[in-house]
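One line per chain: the protein sequences are A and B, in this order. Residues 0 to 230, numbered by numbering that gives the first Met the number 0, are exactly what the first sequence covers, in order. Residues 0 to 534, numbered by numbering that gives the first Met the number 0, are exactly what the second sequence covers, in order.
Read the hints as simulated data drawn from the structure, not as lab findings. Backbone N, C-alpha and C define an ideal beta-carbon position, used for all residues, glycine too. Hints are not guaranteed to be accurate.
Partial selection, computed: residues in chain A whose CB lies under 7 Å from chain B [what the hints assert, rightly or not]:
#1 SER40
#2 GLY47
#3 VAL49
#4 LEU50
#5 GLN53
#6 ASP56
#7 SER70
#8 GLN71
#9 ALA77
#10 PHE82
#11 PHE87
#12 PRO102
#13 PHE105
#14 SER106
#15 LYS110
No farther apart than 27 Å at their CA atoms in a straight line, the calculated lysine-lysine pairs in the DSS-like style are these [unchecked claim]:
#16 A/LYS12 - B/LYS523
#17 B/LYS350 - B/LYS136
#18 A/LYS110 - B/LYS8
#19 B/LYS131 - B/LYS47
#20 A/LYS209 - A/LYS12
#21 A/LYS186 - A/LYS25
#22 A/LYS107 - B/LYS8
#23 A/LYS13 - B/LYS81
#24 A/LYS194 - A/LYS112
#25 A/LYS194 - A/LYS110
#26 B/LYS350 - A/LYS118
#27 B/LYS127 - B/LYS152
#28 B/LYS81 - B/LYS350
If you anchor each label on the Cβ, the simulated ranges turn out as follows [claimed, not checked]:
#29 B/LEU520 - A/SER54: 42 to 52 Å
#30 B/LEU3 - A/THR51: 39 to 49 Å
#31 A/SER69 - B/LEU3: 50 to 60 Å
#32 A/THR51 - B/ASN493: 51 to 61 Å
#33 B/VAL410 - A/GLN11: 37 to 47 Å
#34 A/SER54 - B/LEU495: 52 to 62 Å
#35 B/ILE407 - A/ALA9: 46 to 56 Å
#36 A/SER63 - B/SER527: 22 to 32 Å
#37 B/SER422 - A/LYS107: 34 to 44 Å
For reference, the chains in residue letters:
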Amino acid sequence: MINLTNLRFAWQKKDIINIKALNINKGQHLFIEGPSGSGKSTLLNLLGGVLTPQSGDVSILGQSLNALSSSQKDSFRANHIGFIFQQFNLIPYLSVLDNITLPCTFSKARKEKALKHSKSLNEEAIRLLAALGLDDSELLQRSVNELSVGQQQRVAAARAMLGSPEIIIADEPTSALDSDHRQGFIKILFEECQKENITLIFVSHDADLKHHFTHSINLQQLNQVNFKESI
Amino acid sequence: MAILSLAFKSLLNRKLTFFITLFSIAISVTLLLGVQTLKTETNNSFMKSISGTDLIIGSRGASSQLLLSSVFHIGNTTNTIKYDTYQTISKSPAVEWAVPISLGDSHHGYTVMATDLSFFDYFSYANKQHLKVESGKIDDDMFAVVIGSEVAKKLNYKIGDEVIVTHGGGEIEGHHHDNIPYFISAILSPSFTAIDQSLIISLEAMEAMHTDNHGHFGALPGETLLASGHTDHDGHDHEDVNHEEHHDEATHDEHDHEDANHQEHDHEKHHGEATHDEHDHEKHHGEATHDEHDHEDANHQEHDHEKHNGEATHDEHDHEDANHQEHHDKATNESHRDTQEQRVARLLKIKPENINAIFVGLTSPQAVLGMQNYVNNFQAEPLSAIIPALALQELWQFFSLAEMALNIVTVFVVLVGLLGMLSIILMSLNERRREMAILRSVGARPGHIFGLIIGEAGFVCFAGIVLGVALLYLLLAVLQAPLASYYGFYIDINMLTSNDLLILTVIQGSALLIALIPGWLIYKYSLSDGMSIKF
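Next up, chain A with everything else stripped away, as it sits in the complex (with noise of 0.2 Å):
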């Protein structure tokens, strides 16, 4: 359901990405081992179509990214794919339930979905974070600065899934969480990603992961750039 092909893009005629061919299927949760300098970034842009490859095509659900108009690609974005950085990915002035609920601001379609499972965004987002394991009703009180790392992550992931996108993209989630939190926080997103039948792309240079993953990729091996050259 989503494929790349002969996908090349360069920034200030540096060569970033050369990726021959890359498919992932429906269901699949991927993990992409790239050490930081080896495209991760530039390609997750690629695929949240914010930025435009050069040449080659990256196809989502069978619709092709370069037919589409730039703010195409942004309501396309909204629409179908849930991001989770690695850490401070949530906007400071808006509460919990606010920035969970943000994604609904640009995508009517994940809000419809959304609404399918609770009577509101606010319940909707609720049950997501109850899901995640966060059900204090206090901690929906709290800016989201006094929140915990683990605690931030997952109010990243409850957002990411709101609406049940078709893709969840995380960069480098748990980079920041201490090991007892990153195996718990992965398992809550295995979980829920199963539930939801929500394809998911789990981009981190922690080999050490790898092994949570039916299917991974190196990204240096996939990626055709030499860096040493173009450095």
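Add chain B to chain A, keeping to what the hints say.
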């Protein structure tokens, strides 16, 4: 709309910078509108200083000087014109009324203006409003003084108080005419013109002070001398002596007799019957006492009748006698007794020789230019005539440079406020690139991010404007009373004018325009950063 609510929440999150920016804009808006209000109100009160007067005539010289001295009581008034000139001009067929004005003395820094009673009938300000009496009564006595509201308030004067006038404008310098005290007969209501800060006396009294000996007519040896001094006067003087003989408070009666002279003289000046009647009333202050004496003195009664134009008025007066007597005794007789010099001054029947200006009302507006021409080519002495409305405009032009400077300063203050906002937004951009990346990841377009910044600037500026306007009205409401009472400057609190609204729109527009800079920057960042969090 969602973006605007985000912008609003984002602002609330950064309360400190938000409120600092908001206040700096609010203060600049208050200042700008305040200056506008002050300008309009100053202009208004300036233009309202005189109305209904078609021409002001003075000695030849700068028109602004004549205007400043005669209307605003500012500056030296060394140039005089002859009283005869006034009489000639007042008889001119085009002239409906003419009021002589004489300046140059002061009382505790307040201008003393000498004129005659017709001043109160003809002088008007603002929308042809006449001066109103707050308390007391305009007295036709030679040494009666009518004081402006501010003089009364500041010096805490009451009806019947005595005042002494200083020659020259200063508060300290100059010759004190302490041999000629005045009694306050009336206090005027505030008019927010120079009259509020003025004392109005009779021309004769002014002249008396300015005779060669400054009104020091010499002490009188006694009543005999006084009587003999009167021999060249006819009629009245007999009674004066008589009254003094049989009445303790005869001094007052003397006023009235002298008033008669004075009055007769005034009547010559007045053309209208209405004023004539009014004067009769005023004369009547002393009639109560007169009537008492009348029984003893047939002559006197006859004389009184001569003074009164008709029996009807006389009768009417009699009804009021009791009142008058009470008031008058209290106000004048007890508190004011003539000094001997005043008595002499009265008896000398001093006639004004020089005045400073003439306020003229014409029979028709068309006559203005012709009359001005006539005055400018006056044979007997060099004169100039100014049209107050025009001269006021011209004088106001004089201030336009200051007005312009003030405008420029306030515009820069607003600009500084907006630049403060710009720098605060720009400084926040870098730390907000993460926020932008998150927003992009959940589907925000670069346009949304741009809108977020513009929206924030718009909010801050709008809130600043609202607060600024509120602050302005608060200030005006708080300052209105003290400004009016301490500075005689009355600020009318009005709705924002269309000009004000235009200014506010321009400010709001400028804020949005200025926000294009950070907006464009963040747009560029969000395109290049995408969802990558850079920090």
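These are the hints, each one checked on the structure:
{"no.": "1", "hint": "SER40", "result": "4 Å, holds"}
{"no.": "2", "hint": "GLY47", "result": "6 Å, holds"}
{"no.": "3", "hint": "VAL49", "result": "4 Å, holds"}
{"no.": "4", "hint": "LEU50", "result": "6 Å, holds"}
{"no.": "5", "hint": "GLN53", "result": "15 Å, violated"}
{"no.": "6", "hint": "ASP56", "result": "18 Å, violated"}
{"no.": "7", "hint": "SER70", "result": "5 Å, holds"}
{"no.": "8", "hint": "GLN71", "result": "10 Å, violated"}
{"no.": "9", "hint": "ALA77", "result": "2 Å, holds"}
{"no.": "10", "hint": "PHE82", "result": "4 Å, holds"}
{"no.": "11", "hint": "PHE87", "result": "6 Å, holds"}
{"no.": "12", "hint": "PRO102", "result": "4 Å, holds"}
{"no.": "13", "hint": "PHE105", "result": "3 Å, holds"}
{"no.": "14", "hint": "SER106", "result": "5 Å, holds"}
{"no.": "15", "hint": "LYS110", "result": "11 Å, violated"}
{"no.": "16", "hint": "A/LYS12 - B/LYS523", "result": "19 Å, holds"}
{"no.": "17", "hint": "B/LYS350 - B/LYS136", "result": "24 Å, holds"}
{"no.": "18", "hint": "A/LYS110 - B/LYS8", "result": "21 Å, holds"}
{"no.": "19", "hint": "B/LYS131 - B/LYS47", "result": "16 Å, holds"}
{"no.": "20", "hint": "A/LYS209 - A/LYS12", "result": "33 Å, violated"}
{"no.": "21", "hint": "A/LYS186 - A/LYS25", "result": "19 Å, holds"}
{"no.": "22", "hint": "A/LYS107 - B/LYS8", "result": "22 Å, holds"}
{"no.": "23", "hint": "A/LYS13 - B/LYS81", "result": "99 Å, violated"}
{"no.": "24", "hint": "A/LYS194 - A/LYS112", "result": "15 Å, holds"}
{"no.": "25", "hint": "A/LYS194 - A/LYS110", "result": "19 Å, holds"}
{"no.": "26", "hint": "B/LYS350 - A/LYS118", "result": "100 Å, violated"}
{"no.": "27", "hint": "B/LYS127 - B/LYS152", "result": "25 Å, holds"}
{"no.": "28", "hint": "B/LYS81 - B/LYS350", "result": "11 Å, holds"}
{"no.": "29", "hint": "B/LEU520 - A/SER54: 42 to 52 Å", "result": "30 Å, violated"}
{"no.": "30", "hint": "B/LEU3 - A/THR51: 39 to 49 Å", "result": "29 Å, violated"}
{"no.": "31", "hint": "A/SER69 - B/LEU3: 50 to 60 Å", "result": "22 Å, violated"}
{"no.": "32", "hint": "A/THR51 - B/ASN493: 51 to 61 Å", "result": "58 Å, holds"}
{"no.": "33", "hint": "B/VAL410 - A/GLN11: 37 to 47 Å", "result": "43 Å, holds"}
{"no.": "34", "hint": "A/SER54 - B/LEU495: 52 to 62 Å", "result": "60 Å, holds"}
{"no.": "35", "hint": "B/ILE407 - A/ALA9: 46 to 56 Å", "result": "52 Å, holds"}
{"no.": "36", "hint": "A/SER63 - B/SER527: 22 to 32 Å", "result": "24 Å, holds"}
{"no.": "37", "hint": "B/SER422 - A/LYS107: 34 to 44 Å", "result": "38 Å, holds"}
The earlier numbered hints that this structure contradicts are 5, 6, 8, 15, 20, 23, 26, 29, 30, 31.
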